[in-house]
Structures are given as C-alpha cells and as structure tokens.
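Protein chains: 2
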Amino acid sequence: MTDATVAQNLKVACSNCNLRELCLPVGFSPDDIDRLDEIVKNRRRVKQGDSLFNDGDPFTSLYAIRTGFFKTSVTTDDGREQVTGFQMAGEIVGLDGIVNEQHSCHAVALEDAEVCVMPFANVESLSREFPVLQRNVHKIMSREIVRENEVMMLLGNMRSEERIAAFLLNLVQRLHTRGFSKTELVLRMSREEIGSYLGMKIETVSRTFSKFSDLGIIEIKQRFVHIKDADALKKICNPQVC
Amino acid sequence: MTDATVAQNLKVACSNCNLRELCLPVGFSPDDIDRLDEIVKNRRRVKQGDSLFNDGDPFTSLYAIRTGFFKTSVTTDDGREQVTGFQMAGEIVGLDGIVNEQHSCHAVALEDAEVCVMPFANVESLSREFPVLQRNVHKIMSREIVRENEVMMLLGNMRSEERIAAFLLNLVQRLHTRGFSKTELVLRMSREEIGSYLGMKIETVSRTFSKFSDLGIIEIKQRFVHIKDADALKKICNPQVC
DNA sequence: AAAAGACTTTGATACAAATCAAATTTCTTT
DNA sequence: AAAGAAATTTGATTTGTATCAAAGTCTTTT
Chain H
3 MTDATVAQNL KVACSNCNLR ELCLPVGFSP DDIDRLDEIV KNRRRVKQGD
53 SLFNDGDPFT SLYAIRTGFF KTSVTTDDGR EQVTGFQMAG EIVGLDGIVN
103 EQHSCHAVAL EDAEVCVMPF ANVESLSREF PVLQRNVHKI MSREIVRENE
153 VMMLLGNMRS EERIAAFLLN LVQRLHTRGF SKTELVLRMS REEIGSYLGM
203 KIETVSRTFS KFSDLGIIEI KQRFVHIKDA DALKKICNPQ VC
Chain L
3 MTDATVAQNL KVACSNCNLR ELCLPVGFSP DDIDRLDEIV KNRRRVKQGD
53 SLFNDGDPFT SLYAIRTGFF KTSVTTDDGR EQVTGFQMAG EIVGLDGIVN
103 EQHSCHAVAL EDAEVCVMPF ANVESLSREF PVLQRNVHKI MSREIVRENE
153 VMMLLGNMRS EERIAAFLLN LVQRLHTRGF SKTELVLRMS REEIGSYLGM
203 KIETVSRTFS KFSDLGIIEI KQRFVHIKDA DALKKICNPQ VC
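Chains as they are written, first to last, in the numbering used here: chain H, 3 to 244; chain L, 3 to 244.
For the record, the hints were derived by calculation from the structure and aren't laboratory data.
Do not rely on the hints blindly, as some may be mistaken.
Because identical chains share one entry, a pair is satisfied inside a single copy or across any pair of copies.
Result set (DSS-like, lysine-lysine): computed pairs, CA atoms no more than 27 Å apart in a straight line [as the list claims (entries may be wrong)]:
no., residue 1, residue 2
1, K184, K43
2, K230, K49
3, K43, K213
4, K230, K141
5, K213, K49
6, K203, K236
7, K237, K141
8, K141, K43
9, K184, K237
Keep in mind the model is a prediction, meaning the values are calculated, not measured.
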C-alpha cells in the first residue's frame, strides 16, 4: 500500500459521505453507523480513459462511484463492443463479477473518477450482520436487473428516435436526482458510445440529435444538451399514451 | 391455506430435491441441510398460459422452477411486449421485484409448471445465517445480470442469423445440463415469442429457421429441432474466430 | 498560429429486416 | 371427420438504418 493510499484511508468514511443516501442504506442506527465504514477498504482514482477493471480480471470488490463517470461494456471474440451501461456518482459497478469470481465486462472511466473499493467479502460479512445493508445490496442488484430489462425493451422494440429520447430522459433524470439541472446536461460519452449502448450507428445518433434540434425539442452543441421540450421527448418514447 | 397446499407441504424438502444442485448451494453441512428446507414455504402449480406473477404485483417471494417452462416479459404503456427471458427447471424467477417491492415484469408458464415458493424474508434470514446460501443468492443475481449483458450484445450488435444461432445453442446447452440431449430439443415457445426475445419479427424468425434447415445445419419440424451441425451454429455466432 | 488528428455532421446509396399479402400447415372444436 | 381458428411459412414490396463518402468542426500537438 502506497503512502498516498494510506493517507486516503483517513478520509474514507461512509458515515459522513455526502453520497451515502445514493449508495448505501438509510435507516442505520446511530450506534451502528460507524461499522458501515468497514465496508470500504480504500479509494481509488481512475484517470479518464483508464479501466477500473477488465473482462477476465479476478473479482474481489464492488466499486461505489464517488466522482466521475463510467461506461461498462462487453466485447465479442471478434472485437465488437456493446456498451451495457453508463454509471455516475453513487452508483455501483462490478456486480457482473460475482457469479464466476471474475469480471465479464470492462469498466472504463469517461472522465477522471474516484471510486470507493468495497471488498466483496466485507460486503457479505456486514450484510449478514445488518439486515438493512443486506436488503440494500439485494435492491442494488435487482435494480440493475430491472434496468437491463428496460434496455432490452429499447433495443428489441423501439426505433432510433425512441431510443435517443429515452436515453436523454434517463440521463437527465439521474443527474437531477444528484442535484443537477432538469433541462441541461453534458454528455460524458461520445456519439459512438451512445450508439453502441443503443444499438445504433454513429451517423444515426447524429442524425437523430439533429432532427430533435430541428424540431426545437433540444438544443445541442457538441456534448452540451439543453432539453427544451421534455414532454415532446416523453411523447416520442411512448407514442400511444402521451 | 387449502388442504391441498398443506398436503403439498409434506413433500416440500430441498434436502432431497433432485434439482438442488441447480438452484441451491452445494457445500451445506449435513447438520444444516434440514434448515435449508425452511426456505420453501410451499409449492405452486401454474397451468400453461397462466401467470406466476404480473407487472405491478406486490413482491413477496422468489420462485424456483421445479418443472415446466416460463417466459418473462416487460410491456410498454402502449402495449408492446419484450420477452426478457425463458426459464427452465432449477432456475429462479422474481428477482425483478426486490428493488421496488413489486414486480416489474410478467412471468407466464409456457407449459404446465410447478414452482417452489420461497418467501424473500426467508431467503434473507437464512442467508444471514448461512454464508454459502448468501453467496448462492448473490451468484444467482449476478448470473442474471451477466445473462442480460449477453442479450444486450445480441440485440445491439448481432444480425438475425447470429441471434437465432446463439439462441438455439444457449437453449440446448441449458437443456443438456439438465440431462437432455445435446442435439435435439423441443421449443416451448412460439415463433412470436422467440422473435420478441430476439428483437425480430415472426417472419424473420421463420425465414432464418428455414435457411438453417436448407443449409443442413438443423432439422426443424414445428417445435421440434434437431441440431445437425453445432459447429456451424457456433461459426455463425462468432464469425471471425471460428 | 499552423498542422495534424479525432470526432461529428450531412448527403447518397445499399441492404437487412419489416411490412403487407397470401398460402399452407397444425391445432381445436363440434 | 369436418369446419374453423390459429400458427407458421413463403413471396413481394417497402422502409429504417447501415454503409460509403466527404465535408465540417473541434482538439491537440508542434
């Protein structure tokens, strides 16, 4: 362990982390709250473009994102990439590694990031002790399953305009939960990565953004997006109902 | 509780269930194995075409499939259905319900089925007591996340022939694990349901089967499939490598 | 500040799969 | 066993998105 890591350890404390409500359970009793800090071993910085873990890496820990933005992706043997998700502060990555004790996807930082390293052995032992933490871990995994169900619906049933609309609404909603604007956002990922996530080619992503812009639904300048008409986006996602 | 349910309770015993290795952890000590039986409250029969649970139903239990075959699906407000998976004996359904304490998908029996009802409260309390069970529950959820990642790859990146090839190989592999043939299977789902799962229309599913049949890769008669050339299917899934 | 490189947008064309349509086969009901 | 309904297959045509191509914009390097 380097001196830098040791120094960081002093700061590691879930008990007064401002993200706690996002990533850990509420309802811990005041007496037990300090025990929660055992869950995090240390923090780790990941530079933009670097991997937090790769397909095939041995699984040891889950990672709670403190700052920064990640993508996760799977790749075929012949080199095709499918982005499986974009993760932001307060979200957990690494759940894919539990089943085979090794990771089956890549997690790459899309901007400089810092994560809390939670050795899975700690997560499991504390979960046995604290039912509220156990329930939280189960909910996090279940949430991921439900999210992926929704992505399957996007990929299997929706046309490209619906996919982009749903994507923008989802991003801005999650950012809003974190205190950011309801209407403005900065895309941390490239058009290519958006396309990979949504099963579209880069040109189609670009054309769809342009179309929404022409229709006055959004303003878009590079990676900056202003959602001018969220209702229109909702209508596009869900044509019959709205 | 009806008399029928009571009678069934007498038979419910994970400790000598022939599916135990599929659905529950190995490595339980002989002393503890009986405790495992507490996890199942009772069994429930589900007729072909009936729902085990529906979107919106309150979540109380996970279900281990004893016999029969299920599909799970999500639906949009405007009525589009996306099949999210097909489940067979030894597999667990209901994980989607944990996060919001209500189900977000439907589970429908594709043939007469019987499931073990595992109240989630029991699963959680026994998990706290038995680390090997806790680990198993985590693995089951992680496996589902990894499976959905693979489906995202199918839907986002693969063409229809690749999807069908991967689908057939996956089904026959899971059946083989359960002691069935490596080369012959009976599809329990309609062409429509296959198409919904794979993001294809029924006509494309049919054409793709016909093409594989013409190429001598499979024989197909209605729902019966004989895989004559598994290597060819693997080659189709993964063109560069094989 | 110029040059090089990466990323994005826009246009023209091609193609895989969807849609529309009809025939065939299988299953269900009487 | 016949009639009707449902599911599946096959054919013809359309269409949404991919592909190919080129121009434009932004970022990084020298």
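Verification of the hints:
no., hint, result
1, K184 - K43, "neither (34 Å within a copy, 46 Å between copies)"
2, K230 - K49, "neither (33 Å within a copy, 50 Å between copies)"
3, K43 - K213, "neither (47 Å within a copy, 55 Å between copies)"
4, K230 - K141, "neither (34 Å within a copy, 43 Å between copies)"
5, K213 - K49, "neither (34 Å within a copy, 48 Å between copies)"
6, K203 - K236, "both (23 Å within a copy, 25 Å between copies)"
7, K237 - K141, "neither (30 Å within a copy, 38 Å between copies)"
8, K141 - K43, "both (22 Å within a copy, 22 Å between copies)"
9, K184 - K237, "within (17 Å within a copy, 47 Å between copies)"
The structure fails hints 1, 2, 3, 4, 5 and 7 (numbered hints given earlier, in ascending order).
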